[in-house]
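Asker: Residue numbers (the numbering used here), protein chains in the order written: chain L, 1 to 378; chain Y, 379 to 881.
Heads up, some of the hints might be wrong.
To be verified - Here are a few chain Y residues that face chain L, going by a calculated C-beta distance under 8 Å:
| no. | residue |
| --- | --- |
| 1 | VAL492 |
| 2 | THR720 |
| 3 | PHE795 |
What the hints assert, rightly or not - Under the rule of at most 27 Å between Cα atoms (straight-line distance), these lysine-lysine pairs were calculated in the DSSO-like manner:
| no. | chain 1 | residue 1 | chain 2 | residue 2 |
| --- | --- | --- | --- | --- |
| 4 | Y | LYS733 | Y | LYS778 |
| 5 | L | LYS21 | Y | LYS723 |
| 6 | Y | LYS446 | L | LYS289 |
To be verified - Pulled from the structure, derived: some chain L residues nowhere near chain Y, Cβ distances all over 12 Å:
| no. | residue |
| --- | --- |
| 7 | CYS43 |
| 8 | ILE65 |
| 9 | VAL86 |
| 10 | GLU125 |
| 11 | VAL127 |
| 12 | LEU278 |
| 13 | LEU279 |
| 14 | VAL285 |
| 15 | ARG298 |
| 16 | HIS327 |
Simulated from the structure, these hints should not be mistaken for laboratory data.
Please read all numbers here as calculations on a predicted model, not as lab measurements.
Built from N, CA and C at the ideal position, the CB exists for glycine as well.
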Amino acid sequence: MLPLSIKDDEYKPPRLDLLRKLSGWVRSILADKTSRNLFFFLCLNLSFAFVELLYGIWSNSLGLISDSFHMFFDCTALLAGLAASVISKWRSNDAFSYGYVRAEVLAGFVNGLFLIFTAFFIFSEGVERALEPPDVHHERLLPVSILGFVVNLIGIFVFQHGGHGHSHGSGHEHSHSLFNGGLGHGHSHGGHGHSHNHKHGHGHTHDHGHGHSHSQDYCHDDHSLEGTAGSSKQILQGVFLHIVADTLGSIGVIISAILMQNYGLMIADPICSMLIALLIGVSVVPLLKESIGILMQRTPPSLENTLPQCYQRVQQLQGVYSLHDPHFWTLCTDVYIGTLKLLVAPDADARWILSQTHNIFTQAGVRQLYVQMDVAAM
Amino acid sequence: RWWQNRRARLLCMLALTFLFFVVEVVVSRVTASLAMLSDSFHMLSDVMALVVALVAVRFAQRTRATKKNTFGWVRAEVMGALVNAVFLTALCFTILLEAIERFTEPHEIQQPLVVIGVGVAGLIINLLGLCLFNHHGVGGHGHAHGHGHSHGGRQHPRGSSPKAEPPRAGGEAALRREETSTLVENCSSSNGVSQEKLGDMKDDVADLQVNGNAGHYSLDAEEVEEDSSAQLNMRGVFLHVFGDALGSVIVVVNALLFYSLWNPCPRDGPCMNPCVNNHCMENATLSQPLGKTNQSDQESITVAGPCWLLYLDPVLCLIMVCILLYTTYPLLRESALILLQTVPKQIDVHSLNSKLRTLEGVEAVHELHIWQLAGSRIIGTAHIKCPDPSTYMMVAKRIKEIFHDEGIHATTIQPEFASVGSESGRGKCEFPCRTQCALKQCCGTAEDNTGKKTEKSSSLSISCSEVVIEFPHNKTRRTKSESIPSVRLEANADQNEQFESSL
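Bound-form chain L, shown alone (with noise of 0.2 Å):
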């Protein structure tokens, strides 16, 4: 008898499958307006990296040397913002049962982190130097700064939009003004079911245990309708805050050497330095906050003057004695979670409760809610 079918996956060779899934991912890149615009920003920055470094080589310059590390390491911070949007679209699956949607948290957290390290050596370096100031050569610097900073430029236009746009003014947004939120949700069913289609044709390699319930795509469906929505807005303000960082880096390399060599204020390099360091410190300081609320499972601030009203409508309702144990936290930018236990009595309506308990904190912004009700010993 002839085989009706051949399963082509257990022929295929390892190679393809990683060649597959490789080219699964840079379609995935390019897909997505924010990540393809990370992804060309990540190969504009290391061509520039490299070039700088073979010049300096060729030209046996330490400080250019140095200084193509340096932008490779801030290439890391790009690449790890890459890789956060690309992991993020992964489906859930038996370990992740929330699907990978944290990572962009993640990425966001650890980049405000590396630039913290990062202001943190660029200070101990201008202490170093202003107690021993080496003998820099600024005519080479020069040109390459200059370079570097309109490089740095292109990065900033290019993701502006994506990083400061968004304030946390739309979570307020989403809370108050139900309709938008409902409207909202109305079209991403429409986008649930198109992303879905999409989805299941792209590949399969990522498509593990999808069990009873539909594919889980936590933080996206919203985004595919708004472009680059909040939930890649850790990502971006982490890259957006790198590349301002590094355009500070140049603009004060181009500040003192122009001092040094007009003026001889030796000085200037060292002070710069510090001082890019402390600004580059401060305006991280915003990110970290808010991934640090998010990973500490923190009540997102958005909602923090809507629950206690939502607690109260809800001790409201019939059959309900009290409500306790509430932890509502954020899974991704705009997702909520939320649990809470109910006391209710023997002869309430379980089924009617729960609707309604439903239905306020989905007014709320809350989409996923887990009510437990324990009936009180009469």
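Starting from the known structure of chain L, fit chain Y onto it as the hints suggest.
Answerer: Just chain Y now, with coordinates in the frame of chain L:
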């Protein structure tokens, strides 16, 4: 025994490290050695790592729920471990860069005796730190930083152990109490011996916490009380200390070899140094730039010592960086996985799912999520679909027990009831958290059979693009209308109020 206290150890190490940092700065000023100064900055970063760990310990002790942090601050330790792991990685890269720079432009060690002295002092401090944190270090080896950084034990206190939690008594009330108190500290209500959640080095000791069978453990040694998240934190510290110790070793070895084998150029007399590029400014003290024409002065020319010595330092640094990265990676991975809300590795979601489904009275299990808050605190949530509330009451206890068997003590189970008379609803989630606009079920419920609702109960979910309006005596009628939701909103609120007043 004060030294058993994690915080005391950390503080001690912090004080020592900071002192050493100050010493190094002074020495560097006195001997005008730039290498020592950069070393001292590495020490400062060590101090920062220790501070991070200390802060994490302090915060994690606040397990009480606050308004903003309903879970308390227990995740602080995992965060501390991640921060330290990331710092270690960044430090590795820095050292790598410096080592590569040294390859291209090697320099001699100035005043090797001083370097040896400082290196030995740093090594002693690091060994002390190793002893302090030794038993936390299983599973991680410390990594030293070459360049003579005695990073004085990065002591990551592996999180302070959670405070005493009330023991499990039988009965449901106690069950509930324990559940709430696993997340929220309830110090005041501790009665009798406290049962600690033993976190061991491995993570699969979760079974010990099952159903109070673990017995009661006394609060003698704080090490016993450590949670596995505390261990993560302390492991990071241990990694730092070990790294520093290794680095000090490298520095001392390097300086010793240099001191004994290196043949330096004497200050007076011509000397040729073949190892170093002859940039005038860099070798002012070492050698005079010689042209190739001075072959006649051969007998007075001394050649500086074996060149390979100059490359020893970077090579050792590279080796150390490899070791460091290799051992930091597990720590990084573990803390990152916790923060990514993974299912803890000792729990098999499939088997849990099947166990829940085979219970009688349970029709379906939806939205099962299990994640680790920190250490041994695992949180689980699920929607359980049951035919009616009474069945659910019977099954609820069994469900909780299944979760407790796996070590998941903080669970929130939402019951779902199949809409009356809808066979097609079987198996589908009544409150699907993503697709609340699934065609078959919106968030409105079926008619209320107890008749409590006397007026229109339009339980609207605004999230639906279809609006379900229910009338108490009719079947649900779906109207696809996107008209004025604002009106609906008020209607909803109105009806709620009417409900209350009707009673």
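Asker: All the hints need checking, so say for each whether the structure fits it.
Answerer: Hint check:
no.	hint	in the structure
1	VAL492	17 Å, violated
2	THR720	5 Å, holds
3	PHE795	5 Å, holds
4	LYS733/Y to LYS778/Y	12 Å, holds
5	LYS21/L to LYS723/Y	25 Å, holds
6	LYS446/Y to LYS289/L	14 Å, holds
7	CYS43	21 Å, holds
8	ILE65	7 Å, violated
9	VAL86	14 Å, holds
10	GLU125	8 Å, violated
11	VAL127	8 Å, violated
12	LEU278	16 Å, holds
13	LEU279	19 Å, holds
14	VAL285	14 Å, holds
15	ARG298	5 Å, violated
16	HIS327	4 Å, violated
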